[in-house]
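Residues per chain are reported as follows:
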Amino acid sequence: MAKYALRVTALSYLGLLIALPVGYVFYKAFEHGFATAREAVTTPVAQHAFWLTVEMVAIAVPLNTIFGVVCALVLVRQSFRGKALLNAAIDLPFAVSPVVIGLALILVYGRKGWFGDWLLDHGIQVIFSVPGMVLATIFVSLPFVVREVMPVLREIGTEQEQAAQTLGASSLQTFFRVTLPAIRWGVAYGVVLTTARALGEFGAVSIVSGKLAGQTETLTLHVENRFQAFDLTGAYAAAVVLGLMAIATLLAINLLKPKEGVR
Amino acid sequence: MSINVQAVTKDFGDFTALDNVSLDVRDGSLTALLGPSGGGKSTLLRVIAGLEEPDAGRVLISGEDATAEPARKRGVGFVFQHYAAFKHMTVRDNVAFGLKIRKRSRDEIRAKVDELLDLVHLEGFAKRYPAQLSGGQRQRMALARALAVEPRVLLLDEPFGALDATVRKELRAWLRRLHDEVNVTTIFVTHDQEEAMEVAEQIVVLNHGKIEQVGAPRDLYEMPTNEFVMSFVGPVNRLGDGLVRPHDLVLSRDAGLGGIEAMVSRVVHLGFEVRVELTLSDSSPLSAQITREEADELELHAGDIVYVRSERPRVFSPHQS
Numbered sequence: 001m002a003k004y005a006l007r008v009t010a011l012s013y014l015g016l017l018i019a020l021p022v023g024y025v026f027y028k029a030f031e032h033g034f035a036t037a038r039e040a041v042t043t044p045v046a047q048h049a050f051w052l053t054v055e056m057v058a059i060a061v062p063l064n065t066i067f068g069v070v071c072a073l074v075l076v077r078q079s080f081r082g083k084a085l086l087n088a089a090i091d092l093p094f095a096v097s098p099v100v101i102g103l104a105l106i107l108v109y110g111r112k113g114w115f116g117d118w119l120l121d122h123g124i125q126v127i128f129s130v131p132g133m134v135l136a137t138i139f140v141s142l143p144f145v146v147r148e149v150m151p152v153l154r155e156i157g158t159e160q161e162q163a164a165q166t167l168g169a170s171s172l173q174t175f176f177r178v179t180l181p182a183i184r185w186g187v188a189y190g191v192v193l194t195t196a197r198a199l200g201e202f203g204a205v206s207i208v209s210g211k212l213a214g215q216t217e218t219l220t221l222h223v224e225n226r227f228q229a230f231d232l233t234g235a236y237a238a239a240v241v242l243g244l245m246a247i248a249t250l251l252a253i254n255l256l257k258p259k260e261g262v263r
Numbered sequence: 264m265s266i267n268v269q270a271v272t273k274d275f276g277d278f279t280a281l282d283n284v285s286l287d288v289r290d291g292s293l294t295a296l297l298g299p300s301g302g303g304k305s306t307l308l309r310v311i312a313g314l315e316e317p318d319a320g321r322v323l324i325s326g327e328d329a330t331a332e333p334a335r336k337r338g339v340g341f342v343f344q345h346y347a348a349f350k351h352m353t354v355r356d357n358v359a360f361g362l363k364i365r366k367r368s369r370d371e372i373r374a375k376v377d378e379l380l381d382l383v384h385l386e387g388f389a390k391r392y393p394a395q396l397s398g399g400q401r402q403r404m405a406l407a408r409a410l411a412v413e414p415r416v417l418l419l420d421e422p423f424g425a426l427d428a429t430v431r432k433e434l435r436a437w438l439r440r441l442h443d444e445v446n447v448t449t450i451f452v453t454h455d456q457e458e459a460m461e462v463a464e465q466i467v468v469l470n471h472g473k474i475e476q477v478g479a480p481r482d483l484y485e486m487p488t489n490e491f492v493m494s495f496v497g498p499v500n501r502l503g504d505g506l507v508r509p510h511d512l513v514l515s516r517d518a519g520l521g522g523i524e525a526m527v528s529r530v531v532h533l534g535f536e537v538r539v540e541l542t543l544s545d546s547s548p549l550s551a552q553i554t555r556e557e558a559d560e561l562e563l564h565a566g567d568i569v570y571v572r573s574e575r576p577r578v579f580s581p582h583q584s
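Quick note, the sequences are listed as chains Y and S, same order. All residue numbers for the first sequence refer to my numbering, where the first residue is 1 and numbers rise by one. All residue numbers for the second sequence refer to my numbering, where the first residue is 264 and numbers rise by one.
Check each hint, because a few of them may be wrong.
Said to hold, decoys possible - Going by beta-carbon spacing under 10 angstroms, a handful of chain S positions derived as facing chain Y:
# : residue
1 : 360
2 : 488
3 : 491
4 : 579
Stated by the list, open to error - A short, non-exhaustive set of chain Y residues, derived as facing chain S with CB atoms under 7 angstroms:
#  : residue
5  : 123
6  : 158
7  : 159
8  : 162
9  : 165
10 : 167
11 : 169
12 : 171
13 : 181
14 : 248
To be verified - Negatives, chain S to chain Y, calculated, CB over 12 angstroms:
#  : residue
15 : 334
16 : 346
17 : 567
Because the hints were derived from the structure by calculation, they are not lab data. Because the structure is a prediction, the values reported are computed rather than measured. Positions of the beta carbon are idealized from the N, C-alpha and C atoms, including for glycine.
In isolation and in its complexed conformation, chain Y is listed as follows:
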C-alpha cells in the first residue's frame, strides 16, 4: 500500500505542477490547427528570435563549459588564499535574481556605467545590444558545469593522472587522455543544464536587451511580446519551439551516453 501511496504522491505532484501546464501549452499552441501555429513561428520576427536564441546558446555554452572545467580544476586541485570566497562566488548567479544581474550589467556597461563610454567610443554597444545579452546569459548559466564537474573530480582523485605522468604523458596529454574522459559525464550533464538555462533565460536578458523586436528579441522575450499583444497562438507556438529545443538537448545527450557495462 505504502508503495502505491508514494507513487501516487510523486506522480500527482509532477503531473499537476509540470505535465499539466506544459501539456496545456502544447494544446493551446495547436488549438487553431498546425498551419496557424506554423505561421506564427515562421514570421521574420519569430525566426530572428529563434536564431538569436541559438546564438546565445552557441556562445554561452562553450565558454561556460571551458571555463567551468578550468574553475572546477582550480577549486578541487589547488589550494590558495581566497579559495573559499571564489567557491562561494561561483554560486552567486544562483543566489541573485536575474533582474539584479541585468541591472548590474547596465551599471557596468551602460551609457553612464564604468566601461560604457569607453566601449561606445570604440564602437561597441553592449547594453541594448547582443553583447550585453550574451554577457547576461553567460552570467546566469555559469555555475552548472563547475558544480557538476567538481564532485566527479574529487571522486576520481589524482592517482590516474599521476600514473599517466609516470608513463610519460605531459600535462595536456594527461588532461585530454585521462582527466577529461573520466569527468565526461559530469561535463555532459553540466552542458545540458547550461543549455537549458541559456535557452530559457528571461529576466537578465530582458533588462539588458531593450526588447527590440527583430533585433534584440530572443525566443523567451518573443513569447512575452506575443502574449502581451494578445497573440496567444503566437506565444504558445513560440513556447512550444522553446520546449522542443530543450527536449532535443536532452535527447542528444542520452544518445551520446554509452551502453550498459561500459564506464
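Given the structure of chain Y, go ahead and fit chain S onto it with the hints provided.
What follows is chain S alone, placed relative to chain Y:
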C-alpha cells in the same frame, strides 16, 4: 639502473616525512622499503619517482641527477596500491598508454602489449575494462602498463596492500619470479615484514622519516642494530633489559638448570610449532615458540610452573634505540 638518494628531506606542513635520508640501491636489485605507516616509506618512493619534490637533497638515477626532472622524464614505472587503472580504457589500451604517448607504430604497440599480457597472465582479458577484473588482475594490468615503457626503475607502492591474503601470497612469489625474468631495478613499499623478507634482496627499515637499518633479510633478523628493527622484523619478548625472540627461549621443568620461574597460561598447537604463553612472577607476559617434540617431552599444561632461559638475548644500549 642504480639509484642514489642523497640527504633527502621532505616536510608536509609541520610533519617531517623524510629527515635527511640517504640510500643507495644497486642496479638490478630488488629492495623493500619497510616500516610502519607514516614512517616515510611511500614519500621516499614518490620522491624517487618525481611525484613528490624534496625540500632538500638529490636523487640520482644511474648516476645522473634527476632531482629537477619531472616524473614523465625519469623513465620510472610506478605501481599504485589502488591500481590507478584508467577506468575508461580497456586492458589493452591501459597497457598501451605509455607506448601511444611515445608515438610507437601500431604494429609495435600491438606486439609489445600482447607480450606483456602474456607475461602477467592476462592474455584473454585485452578487451575487458578494469571494472570487469578482480583486484589481483587489475594490479597485474597496472604492472604490465608500467613495464610497457621499459622503465629504468620499477617502483611499487604497497602493491599488494589492497588484496586479500591468498592473492597477496601468490603475487609476492610471482613478483619475485618476474624480477628474475625482467631484471629491472625494483623498489617496493610494504608495512608487512614477512612480505619484505620473502620478496626482497635488500630491506630498508624506515621509521619517523629516518632509515633505521639497511640489510639483507637475514642480517636484519639476526643482527638488528636497535630495538625498533628487532621488534619490527619479527616477534620479540622483553626479558629484563634485553629482547629475545620466542624461538630463542628454552623451557625446562628443572629449576636446577637455571632460568626464571614462569607459569604456563596457554599452550597453542600450530602444527609443527607450539606456542607457549607464559606469565612471569611480575605478571608480565612472555611467549615462547618450541617444537612439537619439545612440547610433548615437557607435557605442558596451563597452570604448570616452568623455568625459562634465553639463548640469545639482545641488549641494545639506549643511544642505539
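Evaluated hints:
1. 360: 5 angstroms, holds
2. 488: 34 angstroms, violated
3. 491: Interface hint status for residue 491 of chain S: violated (31 angstroms vs cutoff 10 angstroms).
4. 579: Violated, about 40 angstroms.
5. 123: This hint is violated: residue 123 of chain Y lies away from chain S, its Cβ roughly 47 angstroms from the closest one there, beyond 7 angstroms.
6. 158: 9 angstroms, violated
7. 159: 4 angstroms, holds
8. 162: The hint holds - residue 162 of chain Y has a Cβ within 7 angstroms of chain S, the shortest such distance being about 5 angstroms.
9. 165: 4 angstroms, holds
10. 167: Holds: closest Cβ of chain S sits about 4 angstroms from residue 167 of chain Y, inside 7 angstroms.
11. 169: Holds, about 5 angstroms.
12. 171: 9 angstroms, violated
13. 181: 4 angstroms, holds
14. 248: 27 angstroms, violated
15. 334: 4 angstroms, violated
16. 346: At about 8 angstroms from chain Y, residue 346 of chain S fails to clear the 12 angstroms cut-off, so the statement is violated.
17. 567: The assertion about residue 567 of chain S holds, with a minimum of 55 angstroms to chain Y.
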